[in-house]
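Chain P is fixed; fit chain E onto it per the hints.
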Amino acid sequence: MSSKKLLLSVFILVALAQLYVPAKMIFDKEDTLETGIDYKFITAPIDPTDPFRGKYIILGYKDNVSVIDNEKDWVSGEIVYVFLKNDQNGFAKIKSVSKEKPTDNQDFLKAKLSAVSNDGTNKLTIYFPFDRYYMEESKASDAEEIYAKSLQDTTQLTYALVSIKNGDAVLKDVLIDGVSIKEIVKANQKK
Amino acid sequence: MLKDLQELVKAEVISQNTADKISDFYHKKGEDSTNRLFIIFGILGAILVGLGIIMIIAHNWDELSKTTKTFFALLPLVGGQLLCLFTLIKKQDSVAWRESSAAFLFFSVGASISLVSQIYNIPGDLSSYLLTWMLLCLPLIYVMNSSITSLLYIVGITFYASETGYWSQPQSEAYFYWLLLLAVLPHYYLLFKKKPESNFVVFHHWLVPLSIIISLGTVADKTGSLMYIAYFSLFGLLYLVGNSVIFAQQKTRNNGYKILGTLGSIILLLTLSFDWFWDALRKRDFQFNEVITSPEFFAAVVLSLLAGGLLLFQLKNKSIRDMKPVAPVFILFILAFIIGLSSSIAVVLINFFVFAIGILTIKDGAKKDHLGILNFGLLIITALVICRFFDADLSFVFKGILFVSVGVGFFAANSWMLKKRKTNE
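From first to last, the protein sequence lines are chains P and E. Under this note's numbering, the first residue of the first sequence carries the number 326, and numbering increases by one thereafter. Under this note's numbering, the first residue of the second sequence carries the number 938, and numbering increases by one thereafter.
Same shape as in the complex, but just chain P:
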């Protein structure tokens, strides 16, 4: 094989690898969206001073704490497997947390520990890997305002709709009292 042919074959391999990475991401997420199970996570107020917000809103979650037997067995930043259940109102709650990947057909979520208590309360805070909701650039700041207001208003219920399959999660939508935040922004901007 001439050196030019060799170079071309190597380049084609590299190009395939470059295509493979985003393609794999798309297929995995599409698979989770199509065959995963939907959960509703109630959101919580977020730190309003966070300066690194562009065209997405940052979501915080209310029920992200789990109680375990001994806090000394856990390290902040480690990867854990979270089992979920639905409460009587249909919102997701943490059932339990494990260090081992489950082998049976249970639904679980792969996540990181964002904090571990060190005062004997044996609490784990879990970082849910779906804390960004991207919006169209022109709508993001409006959406953020609406989102922040809805969190202060106790009569409104804000939650994230998330598809979960085999540890992977995809954030589908953010809803305020059952209406997508995209629709609310659109309606507000038309006014």
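Calculated directly from the structure, the hints in this document are not laboratory data. None of the hints are false.
To be clear about the criterion: a stretch of chain P counts as covered by chain E if any three or more of its residues have a C-beta under 8 Å from a C-beta of chain E, and this derived list gives those stretches:
#, stretch
1, 350 to 358
2, 444 to 456
3, 495 to 508
Under the rule of at most 27 Å between Cα atoms (straight-line distance), these lysine-lysine pairs were calculated in the DSS-like manner:
#, chain 1, residue 1, chain 2, residue 2
4, E, Lys1253, E, Lys1188
5, P, Lys507, E, Lys1006
6, P, Lys490, E, Lys1006
7, E, Lys1130, P, Lys329
8, P, Lys507, P, Lys497
9, P, Lys387, P, Lys420
10, E, Lys1006, P, Lys349
11, P, Lys365, P, Lys437
12, P, Lys329, E, Lys1132
13, E, Lys947, E, Lys965
14, E, Lys1006, P, Lys515
15, E, Lys1003, P, Lys511
16, E, Lys1003, P, Lys464
17, E, Lys1003, P, Lys497
18, P, Lys365, P, Lys380
19, P, Lys365, E, Lys1006
Note that the Cβ used here is the ideal one computed from N, Cα and C, for glycine as well.
This is chain E only, laid out in the frame that chain P set:
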């Protein structure tokens, strides 16, 4: 110019043959510089167009369906790949084509991953994103023989090391960085052999040492004070590399190794000329086993051995008197460090080192009749005096006398040198 040549030929100052040679020379030189401009604008254009397209897609058009958005997210990537393929088949000999199509593809790879993340609301982890991006672009340096990709890649892996080692919580090791850096060195070496004077080589001379200086700190774990030895030895090593025969022909401003090595050594010495570091060092209780197995110790030993070896090699053909004052600083520092573990005299030693480097540099400048070197020596002394100014336990009178004498020193040294030059003329 051409008119002048004709005149000179007519006046029989030069022959027609010489005149032809001269006009050929300038013709070729002109071609070279247009070629260079073409490369620069090609790369700039490719980067701007690439970034522009990415920003338009990043607007995240709500009206488009997810499939359409995904299609557009992958479009720059496929476009860049086709451009590179075209270059490889048709324009392989054109530097401008190779560099600009590779630069475009470099950014497209990063953009496609981040745009897909945006479409599916994936927060993602910055350091693994950077790592994936750089690994996917590393082969382009060699396949496309592209130096701009190499430079962007060095920036990218440095960012990756900093993100992993300094900025993310919890911090973790970025050992992978060293392998990634190693992977780019063959390109650097070949480039240096082929075109030692080219701009791309000069940029590498600056970026490679800078990247190492930034990333070395990510090694630090629990015995951070050993990092000072590692850094001194790194600066010593960089200085010696910059001082070696390979760089003898380079202009000083193109020699990043020498400049960064010198400045690094002196700034670090000035920082440690205060008492706080030595105070803490004396109170620190080192456990032998803990030290020996620490990554800082490993880094310090490896770098000191490398620098020591290179120093010995360079001294083999020269007498010790020819040694530049900055070269042995790392060895002296190791001595001072060992003394400083138990005695407070180390800080005096450091102050003496800075002072001695200043004086020797002034002497060197005077010998070489070089105003730049002379004044650099004076600047070192001034910096030392300013540092001592902040130490509260010196009286104002003493500080005042110090400042006046340094100021007088500046005037005296410069005017003496200028006078010497005049009498020589």
